[in-house]
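Q: Read off the chains here:
2 protein chains.
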Amino acid sequence: MPQPPPPLASPLWRSLRAYQIFGANTEVGKTVFSTLLCKAAAARTTGRGVAFLKPVSTGPDSEADDRHISKFASDVSNKTLFQYKIPVSPHIAAKLSNTTIPSNDTLLFQCRDYAAQCANIGRKWLFVETAGGVHSPGPSGTTQADMYAPLRLPVVLVGDSRLGGISQTISAFESLRMRGYDVESVVLFKEDRYQNFDYLSEYFAEHHDVPVAGVNEPPERKSSLEEDVRAMAQYYEEQSQGKHTGDVISHLDKRHEQRIASLDSMATQALEKIWYPFTQQSLLTPKDINVIDSAHGDYFQTLAPSSSSSSQNDSLLRASFDGSASWWTQGLGHANPRLTLAAAYAAGRYGHVMFASGIHRPALELSSALLKGMNSPRLDRVFFSDNGSTGIEVALKMGLRAAKLRYGWAKEEKLGIVGLKGSYHGDTIGAMDCSEPSGYNEKVEWYDGKGHWFDYPTVLCIDGKWRVNVPEELRQALGEDADFSSLSEIFDVQSREQKGHHVRYEAFIRESLERLVKQGRRFGSVIIEPVVLGAGGMALVDPLFQRALVNVVRKSPDLFRKSGAAAEETPSDPNAWTGLPIIFDEVFTGLYRLGRFTSSSFLNTYADISVHAKLLTGGLVPLCTTLASENIFQSFSSQDKTDALLHGHSYTAHPVGCQVALESLNDLQKMDHDGSWNWAKSQGWKSSETSPTSSQSSANVWSTWPRDLVEDLSRQTDRVSGIWALGSVLAIHIKDASGSTGYFSNAAQDLRDTLIAGDSEGANGSWNVHCRVLGNVLYLMAGQKTTEESIAQISLELRKGLQA
Amino acid sequence: MPQPPPPLASPLWRSLRAYQIFGANTEVGKTVFSTLLCKAAAARTTGRGVAFLKPVSTGPDSEADDRHISKFASDVSNKTLFQYKIPVSPHIAAKLSNTTIPSNDTLLFQCRDYAAQCANIGRKWLFVETAGGVHSPGPSGTTQADMYAPLRLPVVLVGDSRLGGISQTISAFESLRMRGYDVESVVLFKEDRYQNFDYLSEYFAEHHDVPVAGVNEPPERKSSLEEDVRAMAQYYEEQSQGKHTGDVISHLDKRHEQRIASLDSMATQALEKIWYPFTQQSLLTPKDINVIDSAHGDYFQTLAPSSSSSSQNDSLLRASFDGSASWWTQGLGHANPRLTLAAAYAAGRYGHVMFASGIHRPALELSSALLKGMNSPRLDRVFFSDNGSTGIEVALKMGLRAAKLRYGWAKEEKLGIVGLKGSYHGDTIGAMDCSEPSGYNEKVEWYDGKGHWFDYPTVLCIDGKWRVNVPEELRQALGEDADFSSLSEIFDVQSREQKGHHVRYEAFIRESLERLVKQGRRFGSVIIEPVVLGAGGMALVDPLFQRALVNVVRKSPDLFRKSGAAAEETPSDPNAWTGLPIIFDEVFTGLYRLGRFTSSSFLNTYADISVHAKLLTGGLVPLCTTLASENIFQSFSSQDKTDALLHGHSYTAHPVGCQVALESLNDLQKMDHDGSWNWAKSQGWKSSETSPTSSQSSANVWSTWPRDLVEDLSRQTDRVSGIWALGSVLAIHIKDASGSTGYFSNAAQDLRDTLIAGDSEGANGSWNVHCRVLGNVLYLMAGQKTTEESIAQISLELRKGLQA
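Order-wise, the sequence lines are chains X and H. Heads up: the first sequence begins at 10 in this note's numbering, then just goes up one per residue. Heads up: the second sequence begins at 10 in this note's numbering, then just goes up one per residue.
Derived by calculation from the structure, the hints in this document are not laboratory data. Careful, some of the hints might be misleading.
The list treats identical chains as one, so a pair stands whether inside a single copy or across any two.
[Said to hold, decoys possible] Simulated pairs of lysine-lysine, PhoX-like, Cα-Cα distance not exceeding 25 Å:
1) Lys508 with Lys263
2) Lys650 with Lys430
3) Lys420 with Lys459
4) Lys423 with Lys452
5) Lys508 with Lys690
6) Lys423 with Lys459
7) Lys452 with Lys650
8) Lys459 with Lys413
9) Lys282 with Lys650
10) Lys564 with Lys381
11) Lys104 with Lys744
12) Lys679 with Lys282
13) Lys679 with Lys252
14) Lys381 with Lys252
15) Lys381 with Lys474
16) Lys94 with Lys564
17) Lys423 with Lys809
18) Lys508 with Lys650
19) Lys252 with Lys88
20) Lys231 with Lys794
Excised from the complex, chain X in its bound form (with noise of 0.2 Å):
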């Protein structure tokens, strides 16, 4: 594949103010308000310090907007990148052309390169004018507002001024702004009849405190050419020295200003104001903050390190891919344009309503499409909550009193939980007493780990080789190392199974719990996140010990009653719950993040209380669900009110979050039902290529990062401890001379750094990889709307950073 642009810096320079001219419907006058603009912004200016671009013009060469603007305002330069000639809008007229249809990346890097022209000349004005209403489709069919959107110019909209034009300018003002514009003036023709100008004025004033300028009608068309021209110019001459035109100059040049002024001193201003979480804060500086001005896609617009210096011809913005997922949560790319409308529809109709004993239709039709999408025997409810510490406590909570009033234990009998090492739930003190003491919580005040922690087989490529690497403690009892033929292969767990891999895990599984038993320790639920420790250090458990943990659990009863207890009676109900509730924490890993609904499909298996958020709302607001068994759900049901699950927060299934969360869940399960993925799947990840034994689907692995990638990165043995990649996660794991792992270590810093620094100024600007690391592990992490051409980009980075 041959390699693609390089993604689009947002076009900002401090010398050069930028404005791109909406209209709020065809023929409002945007050509004489660019004229207009121009010849006012001109006057201000010396030199040739004015430019005007028209990205795609329909109609005649005689009726061009450029031509217009050459007659009328002779000293502002100006292009045009498509004229059409036939006068309709530029989605048919690009198709009766004849011409290749430019698209719309080919459409914004021409708009960039023209501004980067006009900056790097010293021009002080660009106004960029649009075709026809906010909403006319481009060359591509997109419609404007959408396609201009990452350029992120703010804007000039000329509003309407005939007879229903009131309602025109406010819905297009609506649709700019709901897509992030940043509308700066609103200009239109005064008149008197409609007075549209007057309510206009009075209403943007009111509700976005936004200024509207009215000027003049031109002219009425003279009888002949000549005169027409004479009226026009004189009429141009008049109003653009006009205080209305002049009013708006001013503006303009003070808010582009403010804008640039705001970007310098927000780092700054952070570090003073800001409490961050999980840093340090003192080790930080301005420039270690990232300024983000905007974002789009899968990729951030932030304040370029250069633009510090104060040359007046670097672009301030640039690209930055977000490679953490801002902290995994992003999946269908930052300002999609559904869910934007999706949230905007839940608060226009509801806002947010009572949930205790209420119901309204996101949450209802939410919960149905949740518990249908795990298509699980064992989930059948789902509580809501605001993010992924809440929904485990609230877990932690079912979980707990399921497994007491079953065992009968008592008040004072403070039941522990089985988790595995390294595992991570949340910051609140509950969800963090779920994990074994560790640099995230050891200095927490009110921190106590409650439980037991196993240590695990891990998997990583490592050397080009897919490894089960056994922990050199565990290795009398499970084995030594296992090198697979692929990814796949090692998720087979069934064929695994069937060749007594299972055997010895559990055995080493049900030998550790009876030793615990018999020391005492009580338990009331597992709790683990099914096959990758995220937060712990981007772990890759072997999913087989996940799978024996949950069956030895199921099967032994007798290690989790009062000891000397009768065996309870074996449930009527055959999904209910049996040793101890399985808690699955699917808040990282679950919602196609590894490629698939579910990653409790990956042990093959189904959890009693299952955790999801961060992916649910696709990435735009907090939201969380706990689902659970009916089975579960029934311990808590009594004629006395205290025997209530006693939790709920204010914002309980807010209906903006679950109108989201329903647009998301539907969005992802068609991209996996209609094979958007398959150009992932085929990077070396089809079954086919794996091992014959392992076709059945549920060992069917794949990433959206090459596999070619991970292999050849695995090899550079002398930086790479080992590699893994799954769904949209890859995870570098670094040697540190130092010795030190975990959180705490910094040897993932330097590859991190490369990726940050980025590239310098290329033909679209330049670029980076924003990314964060655990400890030692580099991860990156996509969208699933993340295209091929992005991640050949960045393979191309990480190739670079690690010599590979």
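Add chain H to chain X, keeping to what the hints say.
A: For chain H alone, kept in the frame of chain X given last:
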């Protein structure tokens, strides 16, 4: 004040399919489509089953839409409510008409009334045609999209087939959608040149799953009126019987059935799939579930109980005053378009973006606005989390660490907190551990309360008198109950201190703490809800007592350092904490819930750490901020990463929440500044009516609920044990015949049931007051935009309910 009309129940009947017709622009053929839809519907309906309503019409009678309907669809009943002859926008026409301009309410009430008449006489269809475009202003000047939103009629959008019409149609759709309208169908003329129909069919199918129907254009205008009429009549006959119009009617018919089927089944489905927060679900039946179709301002639209019968003529929805402010979150009204657009802007500009070591404008501006609003020398930094409970866990981690380091406590020496009995800080385990054992937490498996909780004097209006009530056990130490002339006099803590009222309080607190410390107890923070203990039972605490607690602790570092340790150096920072860090949980009490930006002002003191949520986002999405002093922040500063505050949620400082919060704070502060609550303050609360000594502004307390209502209800001493009102909160403590109090009392259920039963069908449909009780306390909570009229109506219901 004359009794205002009751709130509007959204018009929905089983038998009547009512749709609102909006136009993407003026002159797009709304009336032609109305006529077509009326005729097509009539063709499927026996008798005069179809009605047409034009709420507002402008232009000469001869061109009026109702005439057009009469002419071409003579079997359709039709009506115009307000007709203005001048062909301009209704807001101008109404002004020029020399008649009373109808208010939005008047218009909506009349629309509902007409729909009710249609339902009562068995009509099957009603089409309500708007004027101009979606945002064309109504007579009052409010744009129609905002004005008609409370009706919640589903919509047929007439698209624009002209050049530019694609943009107009999509923008109009978006403006409707973001106000919660269900646009069920888009219709427009088919036309070959611009092919808008083709584009829009595909666009709406792909993006919104909304069908688009195309109909041939009407014949060109003929030279004679007669010919014209004949041609149009023929056109209507052909098109209304054509497949496309028929498909629209079938679709609208189906969607109506689906909406009702969904409302009918939601309660049952909810009880099967949802696990409700804080609810003993076994005590619920479907009729206990509040089925919410939509919400607007202070009112839900809920499924009315009678509608479960199969009667075709009962109105299905009723207006329900959101009397719990949706778990205390609501301030600026449900479905507030300002908040919707703020949310949409942030979603469209950022989505969610990584906040650790990052910054974006909404987060920074919100931080600045909060710190400025708090106006506290002790609050310098903002930490973000998702809800009050997590915000408290953050505060706790901050406070305990600061105390531990200052006093040199070892890790094993667990520190408790100092609080008040009945306090409540959230449902996560760490937050629960800040509260004494109670019905909320004692059955929760990992709950382990850590601290000492003081009992305290409360404030109540009893039998018309404002009284500080001292619990019997404390009378020896604190003295007897005391009556005051007004609530403001009780809140005048400065005057009361001048009189020495605080001396016994301080002595009692100091002695209690001395005793506890002698017993070996160690403390790390004070945590209190200023003035009102919410979830713990709506107790209004004597502010002087809380102030005394803060003052004693700050003066008593000797009590909290290790026994025998030397006094620490006086910190150079005058705003450094002393004694213990003071945490104010303002989640419920702050941000104007009690009438002021911060509830700390009632205590005339400043916290070291302060937690804010609920009203922070005006009632739209979850967000919490924990504010702290620089001095506290510095406790976490070192060269060691593990000393950092290791807390942070995935959606930390999500831009949607921050932007909405910024908009909310601005709006609330503006209302405060503009005197928007003067009507409430003048309901007997103004300080001039209280004692002269309490004239200082800090003592001015007031409520949305009239003082005479509070005092009158308090005189129902056979049922009411006391009552208080402050800000938007009213709390009625009901006498429990069984003697039990607290969360699990059922005493307030009777009054609640009366309010929820509500009014039967009235002028604008039925309405009720939805409210929650906390044991023996029934509380009502208004929003910050609740009107005097709503309060007057609800006050009447309360008087009826208590026969006061």
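Q: Which of the numbered hints above does this structure break?
A: Checked against the structure, the hints that fail are numbers 1, 5, 10, 11, 13, 14, 15, 16, 17, 18, 19 and 20, while the rest are satisfied.
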